[in-house]
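Undergrad: Got chain A sorted already, so can you dock chain B onto it with the hints?
Protein sequence lines, in the order shown, are assigned to chains A and B. Counting from 14, one number per residue, gives the positions in the first sequence under the working numbering. Counting from 725, one number per residue, gives the positions in the second sequence under the working numbering.
These are calculated hints, taken from the structure and not from any lab test. Quick caveat: nothing in here was measured; it's all calculated off a predicted structure. Glycine included, every Cβ here is placed at the ideal spot set by N, Cα and C. Mixed in with the good hints, there may be bad ones.
Said to hold, decoys possible - To list a few chain B residues with every Cβ distance to chain A over 10 Å, as calculated:
#: 1; residue: R728
#: 2; residue: P732
#: 3; residue: W733
#: 4; residue: L734
#: 5; residue: V769
#: 6; residue: L794
#: 7; residue: T807
#: 8; residue: F832
#: 9; residue: I860
#: 10; residue: S876
#: 11; residue: S880
What the hints assert, rightly or not - Chain A side only, calculated, beta carbon under 8 Å to chain B, not exhaustive:
#: 12; residue: R30
#: 13; residue: R33
#: 14; residue: V44
#: 15; residue: A49
#: 16; residue: G53
#: 17; residue: L55
#: 18; residue: R110
#: 19; residue: A113
#: 20; residue: N114
#: 21; residue: P115
#: 22; residue: D116
#: 23; residue: S229
#: 24; residue: G233
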Amino acid sequence: MGKARRERERREHEEARRRRAIAIWVATGVVAVALAATAGILSNRTDSAPVPSAADPTSADAQAPPELVAAAKALDFRPHTEPGVGLMEDKPASAARAAANPDLLAPGTQAPPFSLRTPEGDTVSLADYRGKAVLLELFATWCPHCQAEAPHLERLSDQLDPAKAAILAIDGSSGDAASVYAFHRYFGLTYPALLDPSGTPGSFTQPGPAGPVSRSYRLGVFPTFYVIGPDGTVRWAGDGEQPTAKLRQELERAANA
Amino acid sequence: MPDRLRNPWLGLAVRLIAAGIWLAAGVAKALDFTAFQTQLQGYDVLPSALVTPVGYLLPLAEIVLGIYLLVGALVRPAAIVSTVLMATFVAAQAQAWARGLVIDCGCFGNLDLQRAGGDTILRDLGLAVPGVVLAIWPARHLSVDQSFLGRSDAFSPGAAPPSARTLA
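Isolated chain A (complex conformation):
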C-alpha cells in the first residue's frame, strides 16, 4: 500500500517537473519571439533621412567626355537608404562618435601622399593642396552612408574659403570611372572624386577591394574622414557618418592653426 502511494507520488512529482520544464521552454520561445519582434520594431522605428533628389547634371556633363557621360547614364545610378542612415549630418558637433576603426592614422602622422585620377582623367595630388586644410573622404558609391553624406559635403564645400580649405574624395572601393562619375553627377558634387583602383574594379552595384591609397589611409569603415593640415599632417580622423558641424569645426581648426 505504502509502496503504491510512493510510486503515485513519484509519478505526480515527475509530471509536475515535466509541466514546469514545458513552461520554461514555452517561456523561452516567447522570449525569443519577443526579442525578434523588438529587433524588428527598432529596425523599422529608426527613421532615415529621405533620399536626396538628383541634381541638374548639365554643367557637369558639359565638362566631361561624352563617352563617360553615356556610361554614367547607362548605369542609372540611384541612391538608396536604410534605417538609421542620414540622421547624423544635421546634429551638433558634440554628437560625433568615437571612430569604430582603431587603426586610423593618428593625429600628427604625415598624411600618405597620393596622385590619383578623376573619372574625367585629370590628375589630382595631395601635394597640390599644401598650404590648405583638406577634408579627405574615403567613400564608396554603393554605400548609403556615403550617399547620405554627399549633399552635406557639397554644401560644406560651398561654404569653405577656397584659399584656406578644400574637400577631396577618394573612392575606397575601386569604383570604376563611370560609377564614380555617376555618383558625383547625381549629387551635383563640385569637389574632386578620385579613383583608387585595385586589381578588381568595383561599381555601385558591386563593391570592390580598397585600392592602395585607401589602404595606406587604413580604410575600414565607409565613409572614413581625415582632416589634413596645411603642413600635410593628419589633424583629425573619424569614420561613419559625421555631423557636418564637426567636419567644419575640424577643418577650421586645422586651417587656422
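TA: Using the frame of chain A, we list chain B on its own:
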C-alpha cells in the same frame, strides 16, 4: 569530471563568469546600437538589409543569454547557444583577419575598441571556455533548473553521469 573538481561552488563560479561575459558584451553593445551596427557592417559578411536588425537582435540576445546563465535556466541549452555564438564570432573575425580588413572587433561595443585579428580571436576562444565547460558539465547549483526541474548539478559530488541527464 575529475572528483577533485566536483564542487558546486566552482560550477556556480563558472556559470556566473559565463553570465558576466554575455551581460557585459550585450550591455556594452546596447549602449550604442548604431555604433555596433557600424562595426557589424565592417565585417562585410551580412547583406546590408540585415545589418540593422541583427545589430539590434544580437545585443538583446546576449543580454537574455546572460540572464539565463545567471539564474541557471536551461543551463545546458544556454551553454550550447553560448558556444555556437562564440564560434560564429571567432569565424567572423578570422575571415576579416584573413581578408586584411582593418575593423574594430565590436566584441564589447564601443567600450573596448580593438582591431579584429589574432589577439581578439584568442581572447574570444578564452571567453568561450566557460560556455564549453557548462555545455559538457551543466552547473546547476542555486539554479532554476535545480529548484524547479530537479535537475542535478554536474559539479556536485555524486552527480548523475552525462548519459543520465536530460536536455535542460
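Undergrad: Can you list which hints this structure breaks, lowest number first?
TA: 23
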